[in-house]
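Asker: Sequence:
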Amino acid sequence: MKWFPQFAIALCSFTAACVQAQSLNFPHIVTSGYGEVTAVPDRAQFSVKVVETNMNAEQAKATVDKVVAEFTSQLKQSGVEAQDISSSNLYLTPQYHYPKSGQPELVGYRAQRSITVEVAKVSQLNQYLDLALAQGINQVDNVQLKVSEQEKYQAQARMAAITDAKKKAASLASGFQAKLGGVWRIEYSSMTPQPMLMRSASMNDKASVNDTYQDSSLIIRDRVDVIYKLVP
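Residue numbering for the sequence shown is -21 to -1, 1 to 211, as defined by mature numbering (1 follows the signal peptide of the UniProt record, and there is no 0).
Honestly, the hints are just simulated from the structure, not real lab data. Backbone N, C-alpha and C fix where the C-beta goes; we use that ideal spot for every residue, glycine too. Hints should not be assumed to be uniformly reliable.
Per label pair, the in silico range of CB-to-CB distance [unchecked claim]:
1. N105 with S169: 28 to 38 Å
2. S80 with Q106: 45 to 55 Å
3. T72 with Q135: 42 to 52 Å
4. T142 with V19: 15 to 25 Å
5. L71 with A113: 16 to 26 Å
6. S66 with A99: 11 to 21 Å
7. Q74 with R200: 17 to 27 Å
8. T32 with G58: 29 to 39 Å
Pairs of lysine-lysine, DSSO-like flavour, derived with a Cα cap of 30 Å [stated by the list, open to error]:
9. K208 with K146
10. K79 with K55
11. K125 with K100
12. K158 with K146
13. K131 with K100
Assemble the whole structure, with the sequences as input and the hints as a guide.
Answerer: Dropping the structure here:
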C-alpha cells in the first residue's frame, strides 16, 4: 500500500490536535471522542428578587430590606446554613413617565434586592420557593439543578469519550485497510460543568417552575482529541 506524505483522516474541528496534525510528516489519524452520562440532580441553587416601587425612596428601601431580612430568617429556621445564603446590596432607581410633550414626570422609586440560596437537597426546593412567596418575594431570577458527585460523572463521561475515540480510530484504520499504531498525541481540556438553568419567572408562575425541575436529568459531557500513528 502506498502512503502519501501528510496523509491524515480528520474527524474533528479546528482543535489544537488538528493544527498539530497538519505539520506531521508520518501517516496518522486524528480522531475526536465524545462521551456523555445522565445524572439525576440532587442539589439546587436558586436566585429570587424582591422589587418595590414607591413614591417615597426610603419607604421603598425599607420594604425590600424587611422582605430580605424576614426571608433570610425563615430560611435559617428551616435549616439552611448562613453560608448558603447571599443577598445583594440595595439597587434604587427613580422611575419616570415620559409624555409626548413636556418634562419627564417622576412616578416613584424602584428598589430591588436579590437573594441566592444553595439547596442541599433538591427535594427541598419547592419548600423554599413557597417560603419566598409567603415572605413577599415577587420574582424568580433562575433555578439551577446540580449533582453533588460532579467529578464522578465527569470521569465517566471522559472514559466514554476515550472509548469513542478508540473505536473511531480502529474503524477508520480498518476501513482504509491500514494498521493502527500507537497514540502519538492526546489533547484534552476539562469541560466546565453546566448546571441545568431554569427560566426566570414571576412568583405567580412558580408552579410552572416547580413542574419544570421535577423528574429532570442532567447531561454531563466530555471530549478528547487523539492522534494515532499508522503503521506502513
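Asker: Could you run down the list of hints and mark each one as holding or not?
Answerer: We went through each hint and held it up to the structure:
Taking 28 to 38 Å as the suggested C-beta distance range, the pair N105 and S169 conforms, at roughly 33 Å. In this structure the supplied range 45 to 55 Å holds for S80 paired with Q106, their Cβ-Cβ distance being about 52 Å. With their beta carbons about 48 Å apart, T72 and Q135 fall inside the hinted range of 42 to 52 Å. In this structure the supplied range 15 to 25 Å holds for T142 paired with V19, their Cβ-Cβ distance being about 23 Å.
For the pair L71 and A113, the supplied restraint of 16 to 26 Å holds, since their beta-carbon distance comes to about 25 Å. Separated by about 19 Å at the C-beta atoms, S66 and A99 satisfy the suggested range of 11 to 21 Å. Checked against the hint of 17 to 27 Å, the pair Q74 and R200 fails, with Cβ atoms roughly 44 Å apart. Range check, T32 to G58: about 33 Å between beta-carbon atoms, so the 29 to 39 Å window is met.
Among the hinted pairs, K208 with K146 is consistent with the structure: their alpha-carbon atoms are about 15 Å apart, no more than 30 Å. For the hint linking K79 to K55, the alpha-carbon distance of about 50 Å lies beyond 30 Å, and the restraint is violated. In summary, the hint linking K125 to K100 is supported, as the alpha carbons are separated by about 10 Å, within the 30 Å threshold. With a C-alpha separation of about 14 Å, the suggested pair K158 and K146 falls inside the 30 Å cut-off, and the hint holds.
This hinted pair checks out: K131 and K100 have alpha carbons roughly 18 Å apart, not beyond 30 Å.
Checked against the numbered hints above, the structure violates hints 7, 10; every other hint is satisfied.
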